[in-house]
Amino acid sequence: MQVSARKIHSIKASATRLSFLLPTIFFFGIAMLIPFFLGIRVAFTDWDGITPLSMANYVGLHNFVSIFHNSDVLRPLRIAIIYALLNTLGNNFFGLLFAVGVTKKYRFNKAHRLIFFMPAALSSVLAAFMWNYIYSNVLPQILGVENYLSNPSSVVAAVSVITIWGGCGVPMLIYIAGLTSVPSSLYESAVIDGANAFQQFWKITIPLIMQSFTVNITITFTNSLSSAGLFLAATHGGPGGASESMGLYIYNFLFKYNKAGYGQALAYLFLAFIVVLAVLISGIFRKREVEM
Amino acid sequence: MKKRIALIAAAALMVLSAMPGCSKPSGTTSETQSKASEQKAVITWMHHVQEESGVQYMKKSTEAFTKKNPNITFELTMVPQDNYPTLLKSKLAAGDAPDMFDVDLDQNPGFIKSGYVYDMSKQPWLHNFITEPPAGPDGKVYAIPTSIAFFGVFYNKDVFKTAGISSTPTTWSEFQQDCSKLKSKGIIPIASGYKDLWTMTCSFHADKMTAIAPNYEDWTKQLEDRKVTWANNPKADMNSVLKRQAYVYDNSQKDPFGTTWDAAQDLVVTGKAAMIINGSWTPGNLETKDSKINVGMFPFPSSEDASKNVFAINGNAKTKANAYYGMGQCVYSKSKNVDAVMKYMAFRATVEDGNLYQQYAKQLSAVKGCSSDFDPSYKEWFDAQKNGLVADIGAFRRDYSGQLDTAYNNTMTNFLMSKDRNAAATLKSLDAQFDKIANLNK
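The listed protein sequences derive, respectively, from chains A and B. Numbered per this note's numbering, the first sequence spans residues 10 to 301. Numbered per this note's numbering, the second sequence spans residues 1406 to 1847.
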């Protein structure tokens, strides 16, 4: 009788904990899972995205085959990869730099933590508007430079700057969590052994926060690969298509070119590509993680 | 207990009586109330008019109409041009479309195929327009062009005077000479705000409408169907268009692709630049920024033959084969306010509204009998009309469908920004892209 009461209590506790997941599962289901499964049908049709789906024709694997015959896909793919690499590098470099800075004990460390995180609270559309103004009015006036968003050779890097400015706050928090979990006794022992600050950072901190690296690098890289919104708000893929990322390229087929079937097929292939990359990247970093 | 049951019963009765199927036949009072609410309508209107002059007109027009029809009010939503088509399509697909919207139906044939746009063919007010709205291949009218739109060069008259330019250029050589004169006085000849990409497209439009459109109504369709090529078409000399557009770009302020349409207009208003190449909404915009500005206009002088440099306006298709639906005001066929919208469309076809349009939007109304003395900047337009320098280009389409439009705009952008400016290679590349897209569409 006692055992069953304990069991009931344990089930109740689990149910309570799981109930906190319900809102997330609900919204994830509505925004991601349902469209994902509904879209499978679309990928095998010539649907234009405007007419009722029932009027679309079944085209079998035609959309998928066309994608592999279309070399134009390589350009947005290249842009997406360059953008993802720049973001991963920038977000993690600044995220770690700020995290190391604000975990030190000094008077304004909490205020600095807040300031570095604040841009992450802004929407990417707002950030795009702000930076558009900075690039078109402020920088040309102060430094006499051209608008970096209007130059095909600098536009992807310029959009990356916006992302890093708005995005490094989140990796910073994850790095802070990692840094604060490193036992201080390890640093004390290292000091006794004569290790300098760089050696402590390289030999103790980095290996012990490798879990944070795994999470941050995997998330930043995969999120950046599929980015469409910021490019849409900041450049519309211009000038001359120089910032048309893969996400935006797919968006254009789905909503602008009236080729939703083709766009949907492309979206599935790109999703598979991202999943494979995510597994590879997290696998590489997981191997370097150290158990504490 | 009895009290509780009585309360539950009363609540159930109240709920049931509120349900339309369960309520008793309504009496005289409620019938009158329901009729009154039926007549009330809020027309939703989605548009992409950002300019203050155009917004002012919409405000005045809807106010004037509501004054006559107090039960009909409006809810206007502005969506920037670059996002407008995508949002409109999403709304239509989701069954959440506004009652009124404007669109280029030839670029979006799916709108008609899906039955999204209301057939206005039998409306008596169609005859109120100078040129009757075009009937498409099925003989039906779905879009009403309520203004006479055209493209050209708009200039600051005072700046021309300062530079010693006494008359507007009538040929390409004269245009080049005037640009040199302006530059020698330290004035930027042309303000270009290509950061808003549609303004670059308008500059090309102004050129093509003069150089190609008057004698080549179905050029765009032939290009899309791959019956003709961009390169090597003796009827459409795109090589020269590219060279002229490169000249325009080189005679613009620094960094045209980093300059917005708004900033470009500021350059003309402040007298730092002399000209801006765009559409017929430009004078109204410039005058909104500075009511004292003296704006003038002339056709883009693409030819060395002055008689060929004309203002071009769309009309009905010259041949049945070229019948088109055109661009203009459309009505959502599934709107519950169709009757109210038709009432407003009838108002839009009156001289009263036409004059409001000309007074506030500072553009030519398409309604017959409107004033020709509404803005001094239009004097040159009416002079051109008198002198036979306004050409009816029938069903000539300026823009290309879907992905072709992006390919065209990207290629033109890359051409202008390139160092070598190889027009022949650019047109060849554009042909290759159009071929590829046409194959993908098969």
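These aren't lab readings, by the way, just hints derived from the structure by calculation. Be aware that one or more of the hints could be misleading.
[Unchecked claim] Pairs of lysine to aspartate or glutamate, DMTMM-like flavour, derived with a Cα cap of 20 Å:
{"id": "1", "chain 1": "A", "residue 1": "K265", "chain 2": "B", "residue 2": "D1655"}
{"id": "2", "chain 1": "B", "residue 1": "K1640", "chain 2": "B", "residue 2": "D1509"}
{"id": "3", "chain 1": "B", "residue 1": "K1586", "chain 2": "B", "residue 2": "D1509"}
{"id": "4", "chain 1": "A", "residue 1": "K265", "chain 2": "B", "residue 2": "D1509"}
[To be verified] Label-pair ranges, simulated between beta-carbon atoms:
{"id": "5", "chain 1": "B", "residue 1": "D1744", "chain 2": "A", "residue 2": "S28", "range": "36 to 42 Å"}
{"id": "6", "chain 1": "A", "residue 1": "P61", "chain 2": "B", "residue 2": "A1837", "range": "33 to 39 Å"}
{"id": "7", "chain 1": "A", "residue 1": "G38", "chain 2": "B", "residue 2": "V1743", "range": "34 to 40 Å"}
[Stated by the list, open to error] What the simulated footprint calls covered on chain B by chain A, stretch by stretch (three residues with Cβ under 8 Å from a Cβ of chain A suffice, anywhere in the stretch; the number is not a length):
{"id": "8", "region": "1467-1473"}
{"id": "9", "region": "1491-1504"}
{"id": "10", "region": "1532-1544"}
{"id": "11", "region": "1816-1822"}
Beta carbons are placed, not taken as given, at the ideal position from N, Cα and C, and that holds for glycine.
Each hint tested on the structure:
For the given pair, K265 of chain A sits about 31 Å from D1655 of chain B by alpha-carbon distance, which is inconsistent with the 20 Å threshold. Taking the CA atoms of K1640 of chain B and D1509 of chain B, the gap is about 25 Å. The hint is violated against a cut of 20 Å. The suggested pairing of K1586 of chain B with D1509 of chain B is violated, with an alpha-carbon distance near 40 Å, which exceeds 20 Å. Of the pairs offered as hints, the one joining K265 of chain A and D1509 of chain B holds, with about 13 Å between alpha carbons and a cut-off of 20 Å not exceeded.
Against the hinted window of 36 to 42 Å, the Cβ-Cβ separation of D1744 of chain B and S28 of chain A comes to about 50 Å, which falls outside the hint. A hinted range of 33 to 39 Å holds for the C-beta pair P61 of chain A and A1837 of chain B, which are about 35 Å apart. About 37 Å separates the C-beta atoms of G38 of chain A and V1743 of chain B, a value consistent with the hinted range of 34 to 40 Å. For the region 1467-1473 of chain B, the stated coverage by chain A is not satisfied: 0 residues place a CB nearer than 8 Å to a CB of that chain, which falls below the threshold of 3.
Restraint check on the region 1491-1504 of chain B versus chain A: 5 residues with Cβ-Cβ distances below 8 Å, three needed, restraint holds. Only when three residues or more bring their CB closer than 8 Å to a CB of chain A does the claim for the region 1532-1544 of chain B stand; here the count is 0, and the claim is violated. With a cut-off of 8 Å between beta carbons, the region 1816-1822 of chain B has 4 residues touching chain A; three or more are needed, and the interface restraint holds.
When the structure is compared with the earlier hints, violations turn up for hints 1, 2, 3, 5, 8, 10 and for no others.
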